[in-house]
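Using the sequences and the accompanying hints, generate a full structural model.
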Amino acid sequence: MYSEKVMDHFNNPRNVGEIENASGVGTVGNAKCGDIMRMYLDIDDNGVIQEAKFKTFGCGAAVATSSMATELVKGKTIQEALQVTNKAVMEALDGLPPVKVHCSLLAEEAIHAALWDYAEKHHITIEGLEKPVSDISEHEEAPEEEY
Amino acid sequence: MSKRIYLDNAATTQVRPEVLEEMLPYFTEHYGNPAAIYSFASEAGHAVAHARQAVADVIGANKDEIYFTGGGSESDNWALKATAEAYSSKGKHIITSTIEHHAILHTAEWLEKQGYEVTYVPVDENGTVKLDALEAAIRPDTILISIMAANNEIGTIQPLKEIGAIAKKHGVLFHTDAVQAYAHIPIDVNEMNIDMLSASGHKIGGPKGIGLMYIRKGVKIRSFIHGGAQERSRRAGTHNVPGIVGMGKAAQIAVRDMDQISDYESQLRDHLIERVLAEIPYTRLNGHRTDRLPNNANFCFRFIEGESLLILLDQAGIYGSSGSACTSGSLDPSHVLLAIGLPHEIAHGSLRLTLSDATTLEDIDYTVDKLKEIIERLRGMSPLYEDFIKKENA
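Note that the protein sequences, when read in sequence, are chains Z and H. Numbers in my numbering are just positions in the first sequence, counted from 1, shifted up by 6. Numbers in my numbering are just positions in the second sequence, counted from 1, shifted up by 21.
What the hints contain is simulated information worked out from the structure, not anything from laboratory work. Note that this is a predicted model, so its numbers are computed, not measured. Ideal Cβ placement from N, Cα and C applies to all residues, glycine included.
So, partial list: chain Z residues that the calculated Cβ filter (under 10 angstroms) puts toward chain H:
1) Met-13
2) Pro-19
3) Gly-23
4) Glu-24
5) Thr-33
6) Asn-36
7) Cys-39
8) Gly-40
9) Asp-41
10) Ile-42
11) Arg-44
12) Gly-64
13) Cys-65
14) Ala-68
15) Val-69
Here are the simulated lysine-lysine pairs, DSS-like style, with alpha carbons at most 30 angstroms apart:
16) H:Lys-189 - H:Lys-134
17) H:Lys-182 - H:Lys-111
18) H:Lys-113 - H:Lys-190
19) H:Lys-391 - Z:Lys-38
20) H:Lys-113 - H:Lys-241
21) H:Lys-393 - Z:Lys-11
22) Z:Lys-38 - H:Lys-151
23) Z:Lys-137 - H:Lys-412
24) H:Lys-190 - H:Lys-111
25) H:Lys-411 - Z:Lys-127
26) H:Lys-391 - Z:Lys-59
27) Z:Lys-59 - H:Lys-412
28) Z:Lys-137 - H:Lys-411
29) Z:Lys-59 - H:Lys-411
30) Z:Lys-38 - H:Lys-393
31) Z:Lys-38 - H:Lys-134
32) Z:Lys-11 - H:Lys-24
33) H:Lys-391 - Z:Lys-11
34) Z:Lys-38 - H:Lys-411
35) H:Lys-412 - Z:Lys-38
Here is the structure:
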């Protein structure tokens, strides 16, 4: 059901772990739905993301999208990182099954949440960044009626 | 990796070689339609009659009370829908439990849309139906109690005899979905006052696409499939002769070897449970410790999610199943795990391993060794585990 890239990022996740005294940390999702992502960012004085790490509780797709998201934001400026959308994460993984698309949304949210934390800690405003919702389940579509 | 350890026997089983051997002549040699009059078809007719006796013997039923169906889900649908219709003049209230298989639950929900009322009786933390709540739910317009014999996820065996006695005392029909229990544990329809029972061929070393419903003589029930005169006109359709023969043979073996298989499987199961609980921290066993199917073990591993676990087990050549949301295609984890009172985040980390008499001690030990590695790895990347450990050390 998963692409080779998804399986690769699930089996060999990049950047698993924590960053001590990270510039920004964001946790999104909830245990009720079975997915929680935490992203740590280390951002230098020029606003470039030097290091990105993650921890994820969730399915294969949740782990793979977190891993890919950290890869995609590393070395990017804050503004560039904001352009890493769920679509970009999905494309980089050669797609996700329809029921797993929400995992890529979670990965996008995790980036935003970590950047939001960074902005709050440094008392700055990041243009184009809105306060992330901590629970993405409200975006989910209702399951199809089966009768 | 050439290892293949199949621990999903509650999902389906391998057809036993002697079952397949028994079935094969009915595809190419004795392929006549048992309903035909000519002598060529009589071999097939005899085989069906023989199998009917064999499957009836498993539950102490009369062979005339056995109706072959296309499988367990069909039998469950039939039991609920056709009884509801046949007894609607008496009432429109049905009692079932919160942990039934979806073949019962979704049928009950459908009946609710047709104007029936359904009471879903709760279970305790072991997954045993609360008998006082069951009895209290009975009303003058109650027509049917449907409680499963053993749960497909957590393996808990229900007190069928007590439920049957309650049903009889109040003059209510009792149906049991015995898909996981039939030919695995002793069931006697007379001793347990069971009026209807669903069973399936492929859960007992028989083929897929064949099942049965036991209907006690005298129970009013409508036909579900209309057409020919097969199955006393209650279930039309040309007999699936190879399937029926296969289920009959599997039933025969089960009756012959049930004690032996059950002892063997429960010993392995207990070894599995003991090792997992002793060697993997923050783990719980789901379901009743002793009143459970001989081949069922179901665990929750805290801080991890079931689908990730299944994928990594698969890579180690181990095939199990999980009640996590990700494996069901919905956002909610198993309704059974929620019904026994587990919070969502713990229910997401469940693993069901179901053995067979072909499972070996080496298989179990290898599985536990791999499980330990995999769970440690998944916890290493879990933010829930990170928070938990930080709190513990604070």
